[in-house]
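Participant: Listed below are the residues making up each chain.
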Amino acid sequence: MTIRPALQGPGFRQSMAWLHTWAGLWFSWLLFAIFLTGTLAVFHDPINHWMKGGVSTAAAERTIDRDRRLALGLAYMAREHADRPMWEIWPANDDEGNALNVFWKDDQGHYTKAWLDPSTGQEYKPVKAVQMRETLGGHLFVDFHYRLHAGLAGLWIVAAATVAMLVALVSGIVTHKRIFKDFFTFRPAKGQRSWLDGHNAAAVLSLPFQFMIAFSGIAISALTLFPAPIIAHYGPGDAGRAAFRTDRLPASIRPVASGKTAGIPDLGQLARRAEVQLGQPVSAVTIDQPGDAAMRIAMYGAGEEHGARPHISRTTGMIAFDADSSVTDIRRPGEVAAGAASLTNEILSSLHMAGFGGIVVKWIYFLCGLAGTAMMGTGAVLFMVKRRNRHGGEFGAATARTYRVIEALNVAAITGLGLACIGYLWANRLIPASLAHRELWEVRMFFAIWAIALAHACLRSPLRAWLEQLAALAVFCLVLPVLNLATTGDQLVSGLWRGDAEAAGVELASLMFGSGALLSFMALRHKLSMSPSPRKCKTASVKRSEVSGC
Amino acid sequence: MLILSFALAYSGLAMVSLSLQRHYRDLRGVLPSSAMVRGLRLAGYPLAMAAILPCIAACSLTIGIVLWLGMLTGAAVTLVALMAWKPRLPVLLGPVLACLAGYVL
Numbered sequence: 001m002t003i004r005p006a007l008q009g010p011g012f013r014q015s016m017a018w019l020h021t022w023a024g025l026w027f028s029w030l031l032f033a034i035f036l037t038g039t040l041a042v043f044h045d046p047i048n049h050w051m052k053g054g055v056s057t058a059a060a061e062r063t064i065d066r067d068r069r070l071a072l073g074l075a076y077m078a079r080e081h082a083d084r085p086m087w088e089i090w091p092a093n094d095d096e097g098n099a100l101n102v103f104w105k106d107d108q109g110h111y112t113k114a115w116l117d118p119s120t121g122q123e124y125k126p127v128k129a130v131q132m133r134e135t136l137g138g139h140l141f142v143d144f145h146y147r148l149h150a151g152l153a154g155l156w157i158v159a160a161a162t163v164a165m166l167v168a169l170v171s172g173i174v175t176h177k178r179i180f181k182d183f184f185t186f187r188p189a190k191g192q193r194s195w196l197d198g199h200n201a202a203a204v205l206s207l208p209f210q211f212m213i214a215f216s217g218i219a220i221s222a223l224t225l226f227p228a229p230i231i232a233h234y235g236p237g238d239a240g241r242a243a244f245r246t247d248r249l250p251a252s253i254r255p256v257a258s259g260k261t262a263g264i265p266d267l268g269q270l271a272r273r274a275e276v277q278l279g280q281p282v283s284a285v286t287i288d289q290p291g292d293a294a295m296r297i298a299m300y301g302a303g304e305e306h307g308a309r310p311h312i313s314r315t316t317g318m319i320a321f322d323a324d325s326s327v328t329d330i331r332r333p334g335e336v337a338a339g340a341a342s343l344t345n346e347i348l349s350s351l352h353m354a355g356f357g358g359i360v361v362k363w364i365y366f367l368c369g370l371a372g373t374a375m376m377g378t379g380a381v382l383f384m385v386k387r388r389n390r391h392g393g394e395f396g397a398a399t400a401r402t403y404r405v406i407e408a409l410n411v412a413a414i415t416g417l418g419l420a421c422i423g424y425l426w427a428n429r430l431i432p433a434s435l436a437h438r439e440l441w442e443v444r445m446f447f448a449i450w451a452i453a454l455a456h457a458c459l460r461s462p463l464r465a466w467l468e469q470l471a472a473l474a475v476f477c478l479v480l481p482v483l484n485l486a487t488t489g490d491q492l493v494s495g496l497w498r499g500d501a502e503a504a505g506v507e508l509a510s511l512m513f514g515s516g517a518l519l520s521f522m523a524l525r526h527k528l529s530m531s532p533s534p535r536k537c538k539t540a541s542v543k544r545s546e547v548s549g550c
Numbered sequence: 551m552l553i554l555s556f557a558l559a560y561s562g563l564a565m566v567s568l569s570l571q572r573h574y575r576d577l578r579g580v581l582p583s584s585a586m587v588r589g590l591r592l593a594g595y596p597l598a599m600a601a602i603l604p605c606i607a608a609c610s611l612t613i614g615i616v617l618w619l620g621m622l623t624g625a626a627v628t629l630v631a632l633m634a635w636k637p638r639l640p641v642l643l644g645p646v647l648a649c650l651a652g653y654v655l
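For the protein sequence lines, the chains are A and B, in the order given.
Taken in order, the first sequence gives residues 1 to 550; the numbers are from the numbering used here.
Taken in order, the second sequence gives residues 551 to 655; the numbers are from the numbering used here.
Think of the hints as simulated: they come from the structure by calculation, not from any bench.
Warning: the hint list may mix true and false statements.
The calculated DSSO-like cross-link candidates involving lysine-lysine, where the alpha carbons are at most 30 Å apart (straight line), are [claimed, not checked]:
id, chain 1, residue 1, chain 2, residue 2
1, A, LYS113, B, LYS636
2, A, LYS105, B, LYS636
3, A, LYS52, B, LYS636
4, A, LYS190, A, LYS125
5, A, LYS181, B, LYS636
Some chain B residues judged to face chain A by a derived CB distance under 10 Å, without partners named [to be verified]:
id, residue
6, LEU563
7, SER610
8, THR623
9, GLY624
10, ALA626
11, ALA631
12, LEU642
In this text, all values refer to a predicted model and were calculated from it rather than measured experimentally.
The beta carbon of each residue, even a glycine, is placed where N, CA and C say it ideally should be.
Looking at chain B on its own, in the form it has when it is part of the complex (with noise of 0.2 Å):
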């Protein structure tokens, strides 16, 4: 259960940092459209949010809470740290960790 939450935490981050210029230019080469921009923004925000329900069915509502504000940080920290040494590897990871949670599920 927290693994889902993890994973859905870890998409929805990575894909709200792609939609930054700085990090999609480093994946891609080139500069994101401001579709794309706007695309992986309303995909990824809801993910991070969802990542609450996880929690909450986990625990309780306020523990559930807080959990999720604790896979938040993990998923931002892991997501910084894979960024910094191999940029093509966080992308990898989100389908990777969904599969996972999948599994476990």
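So here's chain A without its partners, still in its complex pose (with noise of 0.2 Å):
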């Protein structure tokens, strides 16, 4: 990327390094924490297994015959709900270890689920595992990640800080004048350069990613933020999001009951049909107005394995068919019903959440994201380690003061989150699991860990509490393991023994970060002991080049 010469006078690239140390600086606190906990719910599903506890319930059942479930789901709805104008089938719940389960909505419009035998079409209540414990699980990661567990406040607040993130890409572009002959640079143990090397190298070489994420996660969220063109093509307010909702999707328009009856033809036909159609097997059934001539009769494609889908949008394929049999609507895997800019939403939606290419995705995802979490951390403690050693008074007489906010802030915001990230697993295991409301209780363990950091680092000098958190944070995450030992019973070894790889990937992955913290901490305890005691930064003629970073 050559800036043209026009553009290269002598104020703009030191304004674009101006605008990416402040845009980068105020907002890369919270970006951190956006990132690192976006990087965790890319295993949301693993971490919510694990802290779910104990072993899966009963094997999914292989064999299935889904004719016959269907009939049955068909006879249960007709003999104890016949007047629900809405009934939903799933022959084989691959969420519930294929049961056989049958959903319609109660007298307050809720969701409501059974549990039918697959054998005799009798309904039975299934019994829970007994160490299944009540959590947020993974789900916290994500619910903070975008919207920082505040509702629609919070969601315009992670929408800034993305809007900064861009800026501060730009113009971190913009600013790396060596951007091709440094592209694979990074010497380390050299202090504030290899702060600097690391911070461009986790950057640059993630930068595709960093764009998409950036940019799809605000996509993600466009109609919240931009209400603007659906008030004036549809009229504000909830009349008018409600009829923008059924121009996208004609299907959430229910028929309306006709009054004349029509018996309802062979599911069991119809979804072999519908496989053929889509090429996808048959996953769920939905029957509007049953029993009545205008009911409608909807199959819906289960994806294929995850990895295996050849598009990114993650839509399932949709077959409608009327009570004759014929076919109304029909939708095919990854398209959208309404158009062009419909499916451009549902595919940036998809590249976000890595929606698409399964297990080997997630990991590149895992680490692309580590990367930019890196990117910041490293950016954050740049901006301090090159203060310590020349002071930039960029604050007037409040810069010695702002320094050390910076630095708690830093401290805080780095392995203080880590903390709290961390300890929210811990408390998930120390918590009683019979406590009432004790995700409540999790959660609340994770901000308050959170603002444990923030005091302590306010209270302590910035490299004492990066020392002491370090050494807090390693000793957590390698323990985790020991702690699930000591309090379920269960641990790495035989979860892998028994190919549990989900909650053994929890476990190895926080001794991985354990170990990380654990070598930060070492590398820093080292380049204390070699230098003289800390100063604070007023003076800045000692010459603290051979300093590494912490």
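Combine both chains into one complex, guided by the hints.
Facilitator: Quick look at the structure:
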């Protein structure tokens, strides 16, 4: 990327550098949190699985008589819920070990579920494994990531931070004069130089990912952040939004009962036709206005193994029949009902959430997410490393105090958040499984630990604070498998032995983060033992170039 | 298939990195001639580009593009980390990866 000479006036690169420093710094802590929780959110299902604890219940049944299950489900609904305007049957719900589930909406409009025995069609209540814990699980990381656990206000703050990130990315590229020459450069153990190299490497090498993730993140919430087009075309308020929704999803318009009765056609035969048309096995059947001549039977395809789907968008196939078994509507897998803009939105959403490509893409996103997190962390640390060497005086008389605040925020944002995340997992194992609303207590512990880390960072000197929090982080991460063993009797090796890759993965990742924290701790302690006792940054005369960063 | 892509991306990027004076000097001790620079770039960039083909073969066009970008990032990060710690090692890794990819295929 070359800057054309016309733009390369004496002030341009400097002003971009100024913009990059300040847009970057003020949002770095928030963005670090968004990125770290987002990176963890890639694996929110495994984290859920680990936090719920206990081994999975019955093994999934292999042989499934789909036609019989559909018939049993239909018979049950006709017997028990004949008056409901919507019936839904899942012949083999793979979220529940291939159970036969039926759904309807109760009097309050809530979605209700029942389990049916696949051999008799009788309802039964599934037994919950005793060790299961009530928990928000990995969803806390998802929720914090996109709205800071703070509803609509949080969503807006995250959006603002994302715009700041895009500004920082572009200004950083403009400022990075030697971007091609330094593309592969990383010089370790050289203090401020190494921090800058690390910051550049983390950012430049994962640059396509960074732009994509930031832009797609905003695009997901586009309709919330830019309400004007909907208001202009469909009118204001809930009425306008409802009209927009039906335009976008014509399938959401429920057919109105005509009053004439009609028999329900053979679902098994319709399912076979659906599979031929869609090329996907049928996972769910919904019947609107069952028994009425205006009824609509919609069959939904199941995506193939996550990794095998050939398109980025996540929509599954859908085919709708009427009472005469003729096709009224069809949506092929990967398509959307409402045109190119809608498809673009779906693709951007799927790109952001790694809704394609299976485990390989998930790991690529995890590693690139860590790179982005490192980009922000190294940036924040670099800001202060530079100014410990050379006082900048940007805030006039208040500079030293401001630097102190920034140092504390750096520690709290980086190691503090790390402690909060691992503390959340510790809280999950330590809070008794029987306590009411234990999931609220886990979330409170997450925020409490973070607040304590902030207080600690304010009270201790910066380098002491880094040392102590790194040490704590290392201990909590490395001891997690032992905690699991002590509280549930399950641990890493037995998890691997029984093929539970998800739970074992969580603990292995914890060990890796812990090792990273330990190495950082040792490097910082080594540096502190080699140099004279750390001085406040008021005097700039001492050359600290051989001192490596923490 | 994806290992092949990673091997291609890695070898391509390793060649491109060697075409830069600093890294060539770290390896060979002398500055590269302009013919060497041109040759390395002429070989390296196409190799890194070619890494997209196994990705598309493994999945589809759209997912293949995304995977390819991921492979480039992963290969670049591996290369940078190795060069920082042991400048000679990355060059050896190229042929090792190529053999591994051939074996897997």
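Participant: List, from low to high, the hint numbers that the structure doesn't satisfy.
Facilitator: Failing hints, ascending: 1, 2, 3, 4, 12.
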